[in-house]
Structures are given as structure tokens and as C-alpha cells.
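Q: Position 186 of the sequence shown, counting from 1, maps to 216 under the numbering used here, and the rest follow consecutively.
A hint or two may mislead.
Unchecked claim - Derived CB-CB ranges, DEER-like:
#	residue 1	residue 2	range
1	Asn264	Ala97	53 to 61 Å
2	Gln107	Arg156	45 to 53 Å
3	Leu116	Ile186	34 to 42 Å
Calculated from the structure, these hints are not laboratory results.
For clarity, every value in this text was computed on a predicted model and none was experimentally measured.
Using N, Cα and C, we set each Cβ at its ideal position, and we do this for glycine too.
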Amino acid sequence: MFFGYVVAIGGVFVAGLLLLVAYLDPPGFGALRGVALDLTSPISSSGRGAVRAVTGGGSAVADYFVAARRNAELRQQIRSMRQRMLQARAIELENQRLKMLLGLREELTDEVAVARIVSSSFDSSRRLATLSAGSSSGVRVGQPVRAPEGLVGRIIETGRWASRVLLVTDGASNVPVQLLRNGIPALATGRGDGTMDMKPLEVGKNPFRRGDIFITSGVGGIYSPGIPVAMVVNVNKDTTIARPIADPARVDRAIVQHVFQPAANQPLSAAEPPAPTVPAPSEALRNEQ
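Build out the structure end to end from the sequences listed, making use of the hints.
A: Structure follows, in C-alpha cells:
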């Protein structure tokens, strides 16, 4: 308490002295203030630095948590945009297929029904598909089924509202074809593994080569001439392997046509098919080439 009183009295004395100096000698009081400012400036600077360090550290911590939240929000936005891009791409591809199908319908004169392929087999030895159209739509056994890209197969069984399609890649499928390049006749036989075996009807050297495209010849009826069927992907000495241009895994809608019946006075070997519109090979075929 005594020390406190001494400090208080000393402070009052110093304050009174400073007031007296300020009143009697203002320039001298200004000099004293300058000396006091010089003495206290380092202390003030250190204190300000400490305050800035504390506040800056708090801001950094706050920014860290805010940045983490914003990064999570941005990642969510990226995922949402990616999903929208995929949906837009799917819609674009669907529109392209529908436009192709609409254009084909406008060209065909023997259309029976347009239906969706609701299921198909890919792992078993039998290559079949189910079509969402049956006898109520005029579908009958034996009628060919095609897509805008090319031939899909033929009807082998019908129900009231659905039918079963034998795909061109099934082992029981045989399609008379001809080489688009020079008209060489051949027989396309399914191999049961998603590919087809192209067998020339003439004995001799294998006339086919990689990239050749085959179309239906119309020989024997059933399939009208000029429908794209398959593209050669592998050629050996005795075998020629081709993949269907109308990939069942990519076709979602197909057209059922009437059975083709060539004119009675027209020789089957001289049937001239119309110039087909062969679509660009699918990405899978291009990759294999």
C-alpha cells in the first residue's frame, strides 16, 4: 500500500510538472513528447505485430474451414454437371437414332411395325432378342427385322404383344449376301459369339479382305436386297469373320418388314439390289480395324 501511495503521488507530481512545462515552455513540452514517442514506438510496434499475428491466425483457420466447405460444394457441382453432360449426350444419341429411324420409315414401303427391342441375349450360344410387337401389330413368323444401321434378324416366334427375333449372329441364322465392292455372292452364317462367318459361294481363293461390307442380295426371298449386314474384321486363309453393322447391343428400336418375294420372272442370280445407304461403321468396328 505504501509503494502504491508513493507511485500515485509520484505520478501526480510528474503530471503536474508536465502541465507546468506545457504551460510555460510549449516547445520544450513538444520535445519531451517526441522523446516519449521514440521510447514507446518499439513497444507499440511489437504489440501491434502480436495483435496482427493473433488475428491473422484466426482468419487463416477460418479460411481453412471455409475453403474445405467450398471445395466440397465445388466437387458436388462438378459431379452434378458431369451427370447432366452424360444425360445430354444420351439424349443427343437417342435423337440421332430416332432421326435415322424416322428417315428409314419414310423410305420404306413394306413396313409392318416399329417396336422397341426390350431384351437380347449376349452370353449364351443362342442369339435371340425380344421385340415389343406381336401378332396384334401384324408381326408374323419369318418377317425380317432391321434397324437404320442394317439387318438385325428375323421373327421366329410371335405372341399377342411381343415376338422373338433370331439375330443374324445366331448359329442357326443364314443370310444370302453379296459383297458391296464387286457383288460377289456369299452366305453369312452366325457363329453364336456375336460374329458371323462369311462364306463365298464360289470355290477358290478367299476374295474378301478386311473392311469389306456385305449387303443382302435378295436371293431366296425373306430379306429384301440392299440391306447392310456386316463388315469384315478378320480374314484368314479359309475363314472370314465379320461383325454385324447393326450391333444388337446398341439398337433400341427396329422395324419389322414384310417377307421379300422376288418377281417370278426374275432370275435369282440376276437380282440387282438398289444402292444401299451404308451407315458409318460403329466405334467398336473402327477400334477392331
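Q: With reference to the structure, classify each hint as holding or not holding.
A: So, going through the hints one by one against the coordinates:
no., hint, in the structure
1, Asn264 / Ala97: 53 to 61 Å, "holds (55 Å)"
2, Gln107 / Arg156: 45 to 53 Å, "holds (47 Å)"
3, Leu116 / Ile186: 34 to 42 Å, "holds (36 Å)"
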